[in-house]
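Next come the chains, spelled out residue by residue.
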Amino acid sequence: MKRKILSALLCVAMTATMLAGCGNSSNESTDDKNQEATDDAAADDTADDATDDAAGDDAADDSAAGGDKLTVWCWDPAFNIFSMEEAGKVYQADHPEFSVEVTETPWEDVQTKLTTAATSGDLSTLPDIILMQDNAFQKNVISYPDAFVDLTDSGIDFGQFGEAKTAYSVIDGKNYGVPFDNGAVIAAYRTDILEQAGMKIEDFTDITWDEYLEKGKTVLEKTGKPLLSCQAGESDVIMMMLQSCGASLFDDEGNPALVGNEALKKVMETYAALKEAGVLVEVNDWDQYISTMNTEAVAGTINGCWIMASIKTAEDQSGKWAVTNMPSLVDVENASNYSNNGGSSWAVTANCQNVELAKDFLASTFAGSVELYENIISCGALATYLPAGESDVYAKGDDFFGGDAVSAKIVEFAGKTPSNNTGVYYYEARDAVATAMQNIVGGANVDDEIQLAQETIESQMQ
Amino acid sequence: MSQVKEPKKRKMSLERRHNLTGWVFLTPATLMIAVMSFWPMIQAFILSLQTGKANNLSFGDPLANYVRMFRDNVFTTSLGNTFLYLIIQVPIMLILALILASMLNNKDLRCKGLFRTAIFLPCATSLVSYAIIFRSLFSVDGFVNTVLINLGILNTGYNFLGHATSAKIIIIIALVWRWTGYNMVFYLSGLQNIEYSVYEAAKIDGASPMQTFFRITVPLLKPTILLTAIMSTNGTLQLFDESVNLTKGGPANATITMSHYIYNMSFKYVPTFGYAAAMSFLIFILVAVLAFIQMKVGDKRD
Amino acid sequence: MYVFLTIVSVISVFPLYWMLISATNKSIDVSRGTMLPGLALIDNWKSLLSQQDVARAMINSFKYSIILTLCALVICSLAGYGFEIYHDKGKDAVMSILLLGMMVPFVATLVPLFRMFSAAKLLNTTVAFILPTISTPFLIMMFRQSARSFPHDIIEAARIDGLNEIQIFFRMFIPTMRSTYAAAMTITFMNAWNNYLWPKVIMTTDESMTMPMLVANLTEGYVTDYGVLMLAVLLCSLPTIIIFFLLQKSFAEGITGAVK
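Protein chains in written order, with the numbering used here: chain A, 1 to 462; chain B, 1001 to 1302; chain C, 2001 to 2260.
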């Protein structure tokens, strides 16, 4: 009996050793990481103290004291990661010891990791700097105020960025983000298709949605192609229209303001009319949306300026596209032809062990180096840093878009974009509005759906 | 007297010994589950009694979250969707998997390995490509519409994923497509424990394939069928991937599942972990009740 | 029957075919819906390697998945065997309770688990990857259900031959149940390989990245290169398919001679 129990125990022990064995292989790297994590925690207090009085100090001294490496989470090697590494090089020129270490992390994973770490109260897994979607700024900073560093007095001149862009990362009057990529809305059209309908790009510049609808009908009739495609179930077009007149889904106190929101109602009616006329076609996902442009199934698109990178993948369409501003809403206060969709900003996390270095790095690169923006324009990253727009590089024409200086144009658009209140509950509202829009397109009453959407948001805000 | 007692006593101790060995065998697994599943579950349960956003949680009315979910129209929609998938998809899938498994168990069949691998492929295929291809197959100008138009069934392309009913049907088709091969694996391996001579004897007795299937295969596979039924019920009630990747829950929440909504509440929206945990516990209760019924019906030893 | 099986097979294989085709085409052609092989495979391959450390992700995924599969098989089959062969009311009750362990959505236990592993300083390790799923009620139940067809005569005979219980398990049960082990191995490996939500929370460095994480990286940019993406997806799917193909003979044509 004893022997049998012994052998059974042996088996358990065996398994246990196996388990332990599994761990060994990766333990070394873990230990380093943990060591860092502990240091971080210790450094936190000092860093916080330093934040208060160190604004404008010579950061070079600080960097010598607290290591010269910054860790960063961001996504898209061709775009964000490339830009961050270029920024590292720019900063290295004056600070030879400095280096950035980027871990490629998709946005959704950044959000999941951030939420998990902040909820479990252990921020030590976070890097020094993360790239954050502008729309998620309010939500994350208000949910986890202790996870981010206030950059208001960091010596960064936020006045040099587009006002609407900066507003995304301002919470309670404090700056939490250094604006990065531009999400200014452009309307891009296929000039060759417009020509078939007897129109030019000028006919679509500074127009209203009513004019857009009429002209779209003509284009559809003569060429069989809709002017616009978008994803069903996503509210991008709706949110772009809303922001173009500075309207929001929330009031200043942060309460949902859908019912009685004239701008929203107008937006939904406009959308429904476009869909009804066939000037707008809905597809089911992003891949199909890109495909409508690449396969010439539509005569144009309206989106954040970053969409140009996808348009340009169809090299054989070079010279056939042109860029202008988006249509404006009719009979709505403060209507404009400018808006924003997407884009992201850099945030410094509370786990950053050398806040001064991070601040100085951001201040002298993304918020201070025209050279950087000149370097990264090759990947399509357009600045919201206004001085960069005056650079010669930005004034250069782009042959894909008929030799037009699109970069300068977009920086100009960004400067004219009205800012609006994203709202902490942005994603809740966005989904509720998308649901309402789908029902309206399916024939439901606009007012009822708006009412229902408001109730959904209110229920989710509990 | 003592001679009679002796073997009985020995037998007792033998039984106790075996009994003990049994406990030792299952200790490591049980311990791991206790630490890795039950402990977090208890914490999640405590969380489910708290209300509030992000880290500002408080114990107010402990049942508030549980009451709230039945007033939440998105959640009740997701509950309905999930049950619809469960009722329609699970039986179709399991029956199809059984039929395929018994076909592929035929010794005389050629190219068995290829067929088996082919049918298993869907669940090994990465979710990313499977989602892209399903969406493009059913898009307005996609393959399915082209075929239907050429057959004269439709005049113009139908937006399958844009309408509530057809989107639900596509989710069900996608689930059957993806998981039938997976369940087939269990049946195939279960069938190996049935002696082939039983089938040969049935053949000699003149039993039709149908009779063999219902009288021999199904009863003998009962333990495996129970396993797959519980697994599929659990998997469907926790369904997440298809809702997120195929339809994003749309159109207008017509296909959203409970787990998808729980994920949104935790990571997409302002984090509401208390409420998310409460919804998770409703799923837990539902699965537990269904599994209990299935065990009662199906888990009898002969 | 051949017709039916062929139709089912074709439907099942189609996405893999599409993946193969797409991996050989340029992104723009994939987006335009080509169904013919292209010439861009080598370019896609070079582009993928220049963007991502595929070898490292592959090695990581293999390391995590293989270790997890082996550990899980030993622990769970031992338990499944214990539950069935020595079954009594107490053990049946424990089994029922264990089953409850898989019924709470993982999203709900994610944060408590993360807290546990970060407190234990185990983030970014193999241990953290494998522990939460090393013992699953599902695998235990699978072995328990199949142990039901393991004849008790064999056990009795083995006991008379002087084998102890552990020896019976290793020398009699494992060889006899090869088909169950092969099936369990396939399924466990696949689940481990495709596991995404947990690694994405606990793996925070490039060094510990897995294949599904690598694929996710490719879909996140402003521009998705579909040719490169499909090549990566193909690489990510292949190991499971190969393992299935190699093992399917064992679990579908298991040598049941020992039982007879």
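Treat the hints with caution; some may be incorrect.
Using 30 Å as the maximum straight-line C-alpha spacing, the simulated DSS-like pairs for lysine-lysine come out as follows [said to hold, decoys possible]: (1) C:Lys2089 to A:Lys69; (2) A:Lys217 to A:Lys265; (3) C:Lys2063 to B:Lys1053; (4) B:Lys1296 to C:Lys2089; (5) C:Lys2121 to B:Lys1222; (6) A:Lys217 to A:Lys275; (7) B:Lys1222 to C:Lys2046; (8) A:Lys69 to A:Lys200; (9) A:Lys217 to A:Lys266; (10) B:Lys1268 to A:Lys265; (11) C:Lys2121 to B:Lys1112; (12) A:Lys174 to B:Lys1268; (13) B:Lys1268 to A:Lys266; (14) B:Lys1268 to C:Lys2249; (15) A:Lys275 to B:Lys1203; (16) A:Lys312 to C:Lys2046; (17) B:Lys1107 to C:Lys2089; (18) B:Lys1112 to A:Lys275; (19) A:Lys174 to A:Lys222.
Estimated spans, in silico, between C-beta atoms of each pair [stated by the list, open to error]: (20) C:His2152 to B:Gln1294: 22 to 32 Å; (21) A:Val446 to B:Phe1070: 57 to 67 Å; (22) C:Phe2062 to B:Ile1169: 19 to 29 Å; (23) B:Gly1052 to A:Asp316: 54 to 64 Å; (24) A:Ala272 to B:Arg1110: 31 to 41 Å; (25) B:Ile1087 to C:Phe2004: 39 to 49 Å; (26) B:Val1144 to A:Asp68: 32 to 42 Å.
Just so you have them, the derived chain A footprint on chain C, three or more residues with Cβ under 8 Å [unchecked claim]: (27) 2022-2033; (28) 2117-2126; (29) 2221-2233.
It should be emphasised that the hints constitute simulated quantities derived from the structure, not laboratory data. Please read these numbers as outputs of a predicted model, since none were measured by experiment. We treat Cβ as the ideally placed atom computed from N, Cα and C, and that holds for glycine.
Against the structure, the hints come out as follows:
| no. | hint | verdict |
| --- | --- | --- |
| 1 | C:Lys2089 to A:Lys69 | 61 Å, violated |
| 2 | A:Lys217 to A:Lys265 | 22 Å, holds |
| 3 | C:Lys2063 to B:Lys1053 | 39 Å, violated |
| 4 | B:Lys1296 to C:Lys2089 | 14 Å, holds |
| 5 | C:Lys2121 to B:Lys1222 | 44 Å, violated |
| 6 | A:Lys217 to A:Lys275 | 11 Å, holds |
| 7 | B:Lys1222 to C:Lys2046 | 51 Å, violated |
| 8 | A:Lys69 to A:Lys200 | 52 Å, violated |
| 9 | A:Lys217 to A:Lys266 | 20 Å, holds |
| 10 | B:Lys1268 to A:Lys265 | 26 Å, holds |
| 11 | C:Lys2121 to B:Lys1112 | 48 Å, violated |
| 12 | A:Lys174 to B:Lys1268 | 24 Å, holds |
| 13 | B:Lys1268 to A:Lys266 | 28 Å, holds |
| 14 | B:Lys1268 to C:Lys2249 | 44 Å, violated |
| 15 | A:Lys275 to B:Lys1203 | 63 Å, violated |
| 16 | A:Lys312 to C:Lys2046 | 21 Å, holds |
| 17 | B:Lys1107 to C:Lys2089 | 40 Å, violated |
| 18 | B:Lys1112 to A:Lys275 | 51 Å, violated |
| 19 | A:Lys174 to A:Lys222 | 52 Å, violated |
| 20 | C:His2152 to B:Gln1294: 22 to 32 Å | 26 Å, holds |
| 21 | A:Val446 to B:Phe1070: 57 to 67 Å | 28 Å, violated |
| 22 | C:Phe2062 to B:Ile1169: 19 to 29 Å | 38 Å, violated |
| 23 | B:Gly1052 to A:Asp316: 54 to 64 Å | 55 Å, holds |
| 24 | A:Ala272 to B:Arg1110: 31 to 41 Å | 58 Å, violated |
| 25 | B:Ile1087 to C:Phe2004: 39 to 49 Å | 26 Å, violated |
| 26 | B:Val1144 to A:Asp68: 32 to 42 Å | 58 Å, violated |
| 27 | 2022-2033 | holds (count 5) |
| 28 | 2117-2126 | holds (count 8) |
| 29 | 2221-2233 | holds (count 5) |
Violated hints for the displayed structure, listed by number in ascending order: 1, 3, 5, 7, 8, 11, 14, 15, 17, 18, 19, 21, 22, 24, 25, 26.
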